[in-house]
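Given these sequences and hints, build the entire structure.
Protein sequence lines correspond, in order, to chains R and P.
So in my numbering, spot 12 of the first sequence is number 12, and the numbers just go up one at a time.
So in my numbering, spot 46 of the second sequence is number 46, and the numbers just go up one at a time.
Treat the hints loosely; a few may be bogus.
Here are the simulated EDC-like pairs of lysine to aspartate or glutamate, each with C-alpha atoms no more than 16 Å apart in a straight line [stated by the list, open to error]:
(1) Lys58(P) x Asp97(P)
(2) Lys87(P) x Asp97(P)
(3) Lys58(P) x Glu8(R)
(4) Lys87(P) x Glu8(R)
(5) Lys61(R) x Glu8(R)
(6) Lys58(P) x Glu148(P)
(7) Lys45(P) x Glu8(R)
(8) Lys107(R) x Glu8(R)
Output of the computed footprint for chain R on chain P, the stretches with three or more beta carbons under 8 Å from beta carbons of chain R [unchecked claim]:
(9) 57 to 63
(10) 82 to 95
Derived by calculation from the structure, the hints in this document are not laboratory data.
Just so we're clear, the structure is a prediction, and the values are computed from it rather than from any experiment.
No residue lacks a Cβ here, since even glycine has one placed at the ideal position from N, Cα and C.
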Amino acid sequence: MPLEILVELPAAPAPAPQADPCEWFIDIGPFFDRFGAAKMAVLTSTDAGVKAIVADVSVRKWIDLQRADVATALAYVGSVVPSVTGALQTAILTTSVTADENMALRKLFF
Amino acid sequence: MSNAAQFFGGRGAPRPTGALDGTSAFRTTQNATNSTLSSAYTPIKRVQSGSTTAGVLKTILSASGSGVLSFLAVESFDATSRTHRIKVTLDGVVIFDATTGAEISVVRTHLVIGAIANATVNAATEITFEPLSFNSSLLIEYADSLTESNGAYIAYRYYPA
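Here it is, written out as structure tokens:
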């Protein structure tokens with residue numbers, strides 16, 4: 001017996017695109033990797049401020065690249081470690097986070 | 001003779017003649033942050049409940065003929081406290097009639113037929129594993145505990161058979 005629809009409500013409107021809460025979140029390891037050739041200079045720095053920033057970053061679950069204090073911390077690191085130039089700081093903060101760079105935090109926390 | 005016919009005696013998928021699991025009860029799953037039935041991940045047809053009168057059943061889907069119903073669930077549209085009642089009648093037999101508790105979550109899905117995979121993460125998606133066949137009629141009704149508009153999403157999947 002053929003199916004005949006007698007009453008059916010119209011389909012709901014398509015949902016609005018949902019913002020990705022992780023868009024600018026980066027895992028800790030990939031964050032350090034973004035320093036490229038300057039990474040080891042940062043990690044081996046004996047400056048107390050740089051060491052404190054590295055320690056602070058290391059205890060986080062992820063880094064939010066849009067946080068103001070992240071930019072401030074990078075600026076301080078750049079003032080101590082010459083290879084962390086202004087251009088590098090900008091690249092670290094504004095390069096889109098790839099799927100490989102936040103895979104861990106997405107799987108663990110989102 | 002098909003494999004299905006070997007198990008079901010050639011009469012196709014069994015048709016329920018009474019309530020699912022002997023009693024009508026929702027299975028509830030909760031997403032982390034996103035509504036499942038209203039999200040972009042939904043491969044199932046979604047409708048909004050439209051104008052409702054508190055406690056009064058309204059028809060969501062009425063069909064005559066033969067077919068299969070393989071997924072049915074309901075979810076709140078917003079955090080306003082309300083209850084959801086779903087009633088399903090196949091071939092004149094009421095196989096499900098239950099009401100949720102007071103619901104204030106928009107990420108909790110109440111399932112009648114089918115399941116949700118990855119229900120606790122944003123990529124939750126519906127799966128169907130329990131096709132219910134009907135020969136002459138299908139009626140899905142919904143009642144909101146509130147008099148309002150579009151208080152719920154109802155999602156379902158059916159096809160002629």
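Hinted pair Lys87(P) and Asp97(P), Cα distance within 16 Å: holds, 4 Å
16 Å limit on alpha-carbon distance, applied to hinted pair Lys58(P) and Asp97(P): holds, 13 Å
Chain R covers the segment 57 to 63 of chain P, three or more CB atoms within 8 Å, holds or violated: Contact hint for the segment 57 to 63 of chain P vs chain R: holds, 5 residues under 8 Å.
Agreement of Lys61(R) and Glu8(R) with the hint, judged by alpha carbon distance not exceeding 16 Å: Between Lys61(R) and Glu8(R) the Cα gap is close to 47 Å, so the pair fails against 16 Å, i.e. violated.
Satisfaction of hint between Glu148(P) and Lys58(P), Cα-Cα up to 16 Å: holds, 13 Å
16 Å limit on alpha-carbon distance, applied to hinted pair Lys45(P) and Glu8(R): Status holds; Cα separation ~11 Å.
Proposed proximity, Glu8(R) with Lys87(P) (alpha carbon, max 16 Å): Since the Cα atoms of Lys87(P) and Glu8(R) sit roughly 15 Å apart, the hinted pair holds (cutoff 16 Å).
Given pair status - Glu8(R), Lys107(R), alpha carbons within 16 Å: violated, 39 Å
Proximity test - 8 Å, beta-carbon atoms, the segment 82 to 95 of chain P to chain R, at least three hits: That given contact is violated, which follows from only 0 residues of the segment 82 to 95 of chain P lying within Cβ reach (below 8 Å) of chain R.
Agreement of Lys58(P) and Glu8(R) with the hint, judged by alpha carbon distance not exceeding 16 Å: holds, 11 Å
In this structure, the earlier hints numbered 5, 8 and 10 are contradicted, and the remaining ones agree with it.
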